[in-house]
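Assemble the complex: chain R is given as a structure, and chain S must be docked to it using the hints.
Chains R and S, in that order, give the protein sequences. Residues in the first sequence are numbered consecutively from 1, following our numbering. Residues in the second sequence are numbered consecutively from 1001, following our numbering.
One thing to keep in mind: the hints can contain errors.
Just a few of them, taken from the derived set where beta-carbon distance is under 7 Å, the chain S residues facing chain R [stated by the list, open to error]:
hint, residue
1, L1082
2, P1093
3, E1241
Hints were generated in silico from the structure; no laboratory data involved. Note that beta-carbon positions come from the ideal geometry of N, C-alpha and C, so glycine has one too.
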Amino acid sequence: MRRAILAALWSHWRRHPVQLLTLLVGLALATGLWSAVQAINAEARASYARAEAQMGGAGLAELHAPSGVIPLATYVALRRAGWQVSPVLEGPLRHGGRVFTVMGVDLLTHPPLPAIAESGADIAPVEALGAPGRLFARPGDAAALAGRDGLPPVVATEAVPPGLILTDIGAAEAVLGRPGEVSRLLVLPEQPLGRAPLNEVAPDLVEVAPEGRADTARLTDSFHLNLTAFGFLSFAVGLFIVHGTVGLALEQRRGMIRTLRALGAPLGTITRLVAAELLALALIGGLAGLALGFLLAGLLLPDVSATLRGLYGAPVEGGLSLRPGWVASGLAMAVAGTLAASAASLGRLARMPLLAGAGSRAWSLRPRGWRMMAGAGLVLIGGGVGAIALFDGLVAGFVFLGGLLMGGALLLPPALALVLRLAAGRARGLVAQWVWADMRAQLPGISLALMALLLALAANIGVGTMVSSFRLTFVGWLDQRLVSEVYVTARDDAQGVAVAAWLETRADAVLPIRSAEIRYAGAPLFVYGIVDHPTYSENWPLLDALPGVWDRVVAGDGILINEQLARREGITPGEEIVLAPDWRMEVVGVYSDYGNPTGQAITALDVLLRHVDGVPNQRFGVRVPPDRATALAQDLRAAFDLPPRAVVQQAGVKAQSLAIFDKTFVVTGALNVLTLGVAGFAILTSLLTLWTQRLPQIAPVWALGLTRARLARLELLRSVALAAMTAVLALPLGLVLAWALLAVINVEAFGWRLPMHLFPLDWLRLFALAIIAALIAAALPARRLGRLPPAQMLGVFANER
Amino acid sequence: MNVRAWILALLLPVMAQAQGFAGLGTTAEGFAVPDPAYRLTFPADHGAHPTYRIEWWYVTATLEGADGRDYGVQWTLFRSALAPEEREGWQSPQLWMGHAGLTTPERHFSAERMARGGIGQAGVIAAPFSAWIDEWRMAGPDFDRLEMRAAGPEFAYRLEMEARGPLVLHGAQGYSVKSADGQASHYYSQPFYDVTGVLTLPGGDVAVTGEAWLDREWSSQPLSEDQSGWDWFSLSFDTGEKMMAFRLRGGRGDFTSGTWIAADGSAEPIPDGRIVVEPLREAEVAGREVPVDWRLRLPERGVDVEVEALNDEAWMDTNFAYWEGPVRVRGSHAGKGYLEMTGYE
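Just chain R, same shape as in the assembly (with noise of 0.2 Å):
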């Protein structure tokens, strides 16, 4: 009996391979692009726990000095008073047009570093210990650093995180030019008894708990949930295809099914078999997701760590890896979104009664089940929206945004229902009534797929407003921040001091760009020190300011921070913070800063240069007037011998800054694509599913007089209109979202607000592609309507089926 319903279950199938295929694509796109990031998070994530474990240190407190700088000699009075505490010396090293970031460990009371155990290299103590010491770098770095001049020889291996240069503190000592100086300090986790209290030995340092340190995954956080978040977007689209091609394929079995119930089939064991059923397709669907999803992640994996290196500073690796938990998870994804998308046709087969009739409209809806779809839909908005009032954070942002697409999506059918109403009731003509009579006998069949399209679109429209926003205020500010004609950095202290004396004869006005890194609530800090010129009071972009504030800022009365300090720390102009000890400053404005994760400040140089010691003095920016910049920049880089990369002018540095911002969004214009795609998939997937049904309604307009090629034009028509009023619908929830992504996921994920910009020319293009997708997915079943034999359409009235 089984194999008899099995081989009947599976004889549909064999009829129909372009639904089978259908319903396996759209399981793989649905597995594949949730699988994808998925891959992406979990590469990411794991690279930052390896970075961390093979930095040893992971979970251990630390002490921090608010100056950013601990004095060597607080490091050997803390030990000579118990504590065991292990030194740290972090610091920049820019080669070759890159930073790397030197860490300098004692690697005699460091805990275990997998990271130099694993390198493999053979190195006796002598040489990583003594002068000049040895670096570890990963392959790839260390041949971008071989042939600096004054580093010391370098050791390639694959256990360092990339971008990082380890070594020993007395060797990053000497590299980092900061010789007596400590940036942090790990407390090991065996500390003696009678241990003097912190406030006694070294009052300037806090402890910082291991939670309480803001870590590369703590950051990256929000980063990882919007990519999570579009890629279970993705996957509700991808499953809007499964279940109209259940839906469809339950339908067309409808008489199988009765068939075999009448030849004795018990109803329990056929819907167990289709479950059975659907639960193999699950698995093949999400196998191949799988296999999609890991290709797909593997294109994507470069950009995404590049954006998360340039971003966050985050150690992230190019490669991917299979990892068992992810397989377990994308499958587990596949069966539980196979079954719910299928639920409901299983439940109607589950209930069918033995002698219901093939092909009636099993799943229309009543205006009484609109109004419950608008009720619904109201409710999820006015839940989204009632979570962003009532709580703050990234993730009451999401609800907001999930209650706001959903609610959006449900509103739909029933907002379509009300216009094809109107619609139908201004029609002139027997024709046009019927177009519009038989759209909305069409709508419930396709509104499932008109969701997806409406998802798709208002995902496109408010990502694309928010990136292109992000963009033309990224370049705004570019123009603003980067007023000098030329940017120089000499190689030392001394060579500043002879390029800015060279400079002060050639140029109109030489800037230096003098900056210390210190610690303030517990994250670092970049204070810069400006002089006085016009430069900065007429381009520098504020967003918040009290009166007089350059004047205030270069006479030394006053400090400038940048967004994301002001709004991680809650911070108002007018407010004091308390910097170092002695080093109390009012806040008098606050500046724009995107694009950097880190807090800064901006002072009068004299200040900086009162309160810290060693600030280095090598980057310039150079006012001449434009036309003499490019020779100005030649002859600096004569004069001084200095390489390509030291002398650049403003325009390179725009081109550089934008490109790394573009790479930052190849990632979200890639799933934007794609999701548009998973949309007209399942437009087509829907219209295919109504292809059975149209038939008894297209024979008698057929018989009326209308030719099947204007029927199939109609059919294009029809497709078309309702895509163009889902692409209508679609831009005020797009652009609700674009609003919600920029003021409140951007504040929360990046610490920074964005003004929000409308770009009209990509609604257009958008909707025309939305029109297009609509055409293809229509295009197919039109074809099929105009070739197809009247005798078929005879046939309707012939037997009634």
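Then chain S, alone, in the frame of chain R:
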């Protein structure tokens, strides 16, 4: 390259020589070598000798608590040079390691410290004498009056030590020949400290009194490769006499040696082969069999004693692990002492 393995490789020769055994057939690689013509001068030679590869300040104390129980304490500072020079800052080639042990009849505590030279985290000053690593230190106005302290996560001790006898120079005026091949070290001891102090244990503080033995030695030549470990005894008899004895276990046969110290501090070297040691009982410690009771004979002095560990579990769970603990002595001579054993795998 494993950092721990490194440190181990580094300090193995230090440990091997810690009790005064020079290995065979190694070169000094630019380091100073002990010179028989050299005469120890004090207090200068209490300080560090950075041109030698290895050096230590090694104290063991047998103590009795106000509670009537026996205790043992170890305090050791090792210096190991990667190159025969001193340098300011992190890149100094002088590395320091501290070991502290505290043994009770039931428990044994140990702790370990590592430090780089050149930054002040560890070091030794000859006068007024001061030897330290982190907060552990042994210091005083001179070498005869020292305060010694150390602490670990579960224990601490603070002891006052006062010498009631002279320094003992081993070998010829402190030039101690270690092998037929001529390897040697500069080696002297102060075995006559009277001790009072306080031990901090999980159960509370215990006041203690007793005796301590300090070894000072520096050289540049590690053990030979065929030697797998050693058994070292420092015994104080109730008669006021003392004896240092050791056995080096090697592929080419055992090597025994020692010093007999009279109650007045006059010392006589004991040449190879005179001391006979024999394990009586083994105990399973840290997953291995270690002989914890011994029979030790020195016929020419009429010594035939049984040496018994106060606590079988006196295992130093440090990067380079070994057994070191207080012992009781019975037989022809009664007394107390310390036993150290390495190389029991």
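Hint by hint, here is what the structure shows:
no., hint, verdict
1, L1082, "holds (4 Å)"
2, P1093, "holds (5 Å)"
3, E1241, "violated (37 Å)"
Checked against the numbered hints above, the structure violates only hint 3.
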